[in-house]
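Protein chains in written order, with our numbering: chain A, 183 to 407; chain B, 183 to 407; chain C, 183 to 407; chain D, 183 to 407.
Some hints here could point you the wrong way.
The calculated lysine-lysine pairs, modelled on DSBU-like cross-linking and capped at a C-alpha distance of 35 Å, are [what the hints assert, rightly or not]:
| # | chain 1 | residue 1 | chain 2 | residue 2 |
| --- | --- | --- | --- | --- |
| 1 | C | K279 | D | K248 |
| 2 | C | K325 | A | K325 |
| 3 | D | K325 | C | K234 |
| 4 | B | K248 | A | K248 |
| 5 | C | K234 | D | K248 |
| 6 | D | K274 | D | K232 |
| 7 | B | K280 | B | K232 |
| 8 | D | K325 | B | K279 |
| 9 | C | K232 | A | K274 |
| 10 | C | K325 | D | K325 |
| 11 | D | K234 | B | K325 |
| 12 | A | K325 | B | K232 |
| 13 | B | K274 | A | K248 |
| 14 | B | K248 | D | K343 |
| 15 | A | K248 | B | K279 |
| 16 | C | K325 | C | K248 |
| 17 | A | K325 | B | K325 |
| 18 | A | K279 | A | K232 |
| 19 | D | K280 | B | K248 |
Hint data in this document are derived by calculation from the structure and do not stem from the laboratory.
Number of protein chains: 4
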Amino acid sequence: MNPRPIVKLSHFLNSGNKLFQRGISTARQSYGAEGGRNSGRIFADYAIFKGKAALSVAPVLPSFSKTDSGYTKVDRRGVIMLTFRPAIGERKYDSEKKQLFALSVTEVGSFISLGPGDSCEFFHDPLMQSRDAGQVRKSLSIKPHTDGYFISLTVANNILKTNERLTVPVSTAEFAVMRAAFSFALPHIMGWAHSTNQVLDDNNVGRDSLKVHPQASSSSSEWDR
Amino acid sequence: MNPRPIVKLSHFLNSGNKLFQRGISTARQSYGAEGGRNSGRIFADYAIFKGKAALSVAPVLPSFSKTDSGYTKVDRRGVIMLTFRPAIGERKYDSEKKQLFALSVTEVGSFISLGPGDSCEFFHDPLMQSRDAGQVRKSLSIKPHTDGYFISLTVANNILKTNERLTVPVSTAEFAVMRAAFSFALPHIMGWAHSTNQVLDDNNVGRDSLKVHPQASSSSSEWDR
Amino acid sequence: MNPRPIVKLSHFLNSGNKLFQRGISTARQSYGAEGGRNSGRIFADYAIFKGKAALSVAPVLPSFSKTDSGYTKVDRRGVIMLTFRPAIGERKYDSEKKQLFALSVTEVGSFISLGPGDSCEFFHDPLMQSRDAGQVRKSLSIKPHTDGYFISLTVANNILKTNERLTVPVSTAEFAVMRAAFSFALPHIMGWAHSTNQVLDDNNVGRDSLKVHPQASSSSSEWDR
Amino acid sequence: MNPRPIVKLSHFLNSGNKLFQRGISTARQSYGAEGGRNSGRIFADYAIFKGKAALSVAPVLPSFSKTDSGYTKVDRRGVIMLTFRPAIGERKYDSEKKQLFALSVTEVGSFISLGPGDSCEFFHDPLMQSRDAGQVRKSLSIKPHTDGYFISLTVANNILKTNERLTVPVSTAEFAVMRAAFSFALPHIMGWAHSTNQVLDDNNVGRDSLKVHPQASSSSSEWDR
């Protein structure tokens, strides 16, 4: 009566697989800074304003859920949300034409491990789960230049017959800020900052009267080196 | 009457020695995400799903105990728990056949300091403290490939006459996530995040009326350089 | 009636652009350790005392504001405040002649990514927004020496006809402290430490009954690699 | 009546100068894990047990004081306390003969920036402020070996006519743990973790109604690049 616990992939909640991440950029759009349901949260974008476009980046925390067993688990991982806005005049940017790209945990891993001269590219299909899968393709490319990187977002929309490309030159210093900030944010969007931040209380602090730990009573040849 | 304070090893609570760590992988199995006694905790595994097996990793916090003197100390250090599950079909993984490996604080130190092209291997005897010591041998190996590392767990069980090997190819980006997450988790599983996170209150904030600190009244030749 | 959302630069609150940072060093002077309105805050300067001058560094947190929509956002980014004091005798420094320089988020990015042998220089105009723009020019230069860096602040004041230069030799160890401390402080002065430090409560923890996530039900060729 | 604010060195509370640190190793001995007045604190040593001696390391937080102006400042910086205990038998260590060495903030900076093959040495005079200055000399040396470092503490006591040397071979993995843990602890022993960890409340969150920031209304040639 107790069936063998075959685990289907869909039961895993925290996938590092690109498969999972593909559908995220759309799903997460409602989490952006403009989302109306985000009252109570703190917004702290890091924004880079350049001649042709502006790029702002901000962490989006994971969502959690309580299980029937009473503990809390990550329901959906967080992301680093990249928002591009095209320039439409001197120091004016068009929010209506903004384009989002949600870096998954693993893509953030790629980003922060980019060496000097390295480049990388990520592909997302925001409509992946729908019948319009493949109609919209987003790609984010990071390419080195003399002092820093070009970060470009291309959105090819077969339905609207549009193809947009927004590029922001990011200086070495700005990239260093991103790398440091993304590294800081990584354990938060993974949920590890939450899972390690348990308060000490009577439940997890036992009483101890110098008991001898069983694992300390054996001998080992490693000892003498 | 007050005997010389000969300290036996078994009195040290936080050993960095491999000796101590050997017996941990079994002892800590009850701490895994499926443990029934973990209500109230937050679970946030980072999971990597590949063709032959899945690997998920998560920090396990240290346990603490109160001494008779009234202060709190680490009773047992935390670990990074690695859980391997074999694939049994397309995107299906068998939790019944899962294998655990608990990386100790020092093994996490090895992991995060792996350079490109480096490899390492850890050996655990989960039955070390019992009369069946040596009957089960677990080894975790991390070996470089073109884009990342192969992480393999081998479990040789002389009692059941079994020898299992589960290998998960981990991409450079996924490894970067692990390295960053393990580095973040390290002070938490050591207990340093707890010991440094003391709240300021009247007990540790004194009153000061511009008193001259004694150690500042001396002269030094270092001063003039 | 709902006009196109043309975003002027002045509406962006968190600019990474040097433009924004130029006017900051003056504006932030009231935030220094001597500011009278800072009751309740904790001050923890890292100070380096050398023969000709002393340099102390400390983070200044961002300020936040509540919007009409009820959420909180960064109003003004934080900085790392550098304070130079000239020596006026053996181990005596003149606070009246102190000079401040507020490193912006992006300048901190430059600082922490300085390689061995690298140098950099930042320029601020503390009167930029006033009719005296250009009359006072501050520049901070960081130049390598045998064991560490020279950090120099030059303040050229056309109004007072003064030109001061304060230089502090910083050892490799002291620079390592700064780099580590600035890296730690960076997410705090950006506001990311605040935005990621959300408490879990009933608003952001849902109830979950093993629902299948839509993005997990698709197939992918990436799976089999 | 308001005299020129001549600042004597003794008024600076957070010196990065070695001068200050010299006298610390004694002064801080009462802060060690055995200190009776430390009730309420959490202890989490990282200990390395080797054939001839054991080394355990732990952070000691700074002390704070309230000024008359009502704010809190670092009164005395924290340290990383190193405790050496000689072996007196198989896996037995003599706490009575333990020797302490308190790494200052700047010495921690040296430690964490040690490259492969680098070595360093620190000198402390625990009796520096007393009439017995120079009678006891402690030196801590860190020297590379094939797999890691030798960490040696030498204590030369002219009064007792003793000269002790305790050496612990530290593996690369153990050193990586120390480096990561010390890097984590650095902002805490400096007090920066406290000064940046301010709670947001009505005092530091203003109300904002889309006010134009004055520093955003200027033009800049940097804009167009």
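Quick one: which hint numbers does this structure break? Sort them smallest to largest. Of the numbered hints given earlier, those the structure breaks are 8, 9, 14 and 16, listed in rising order.
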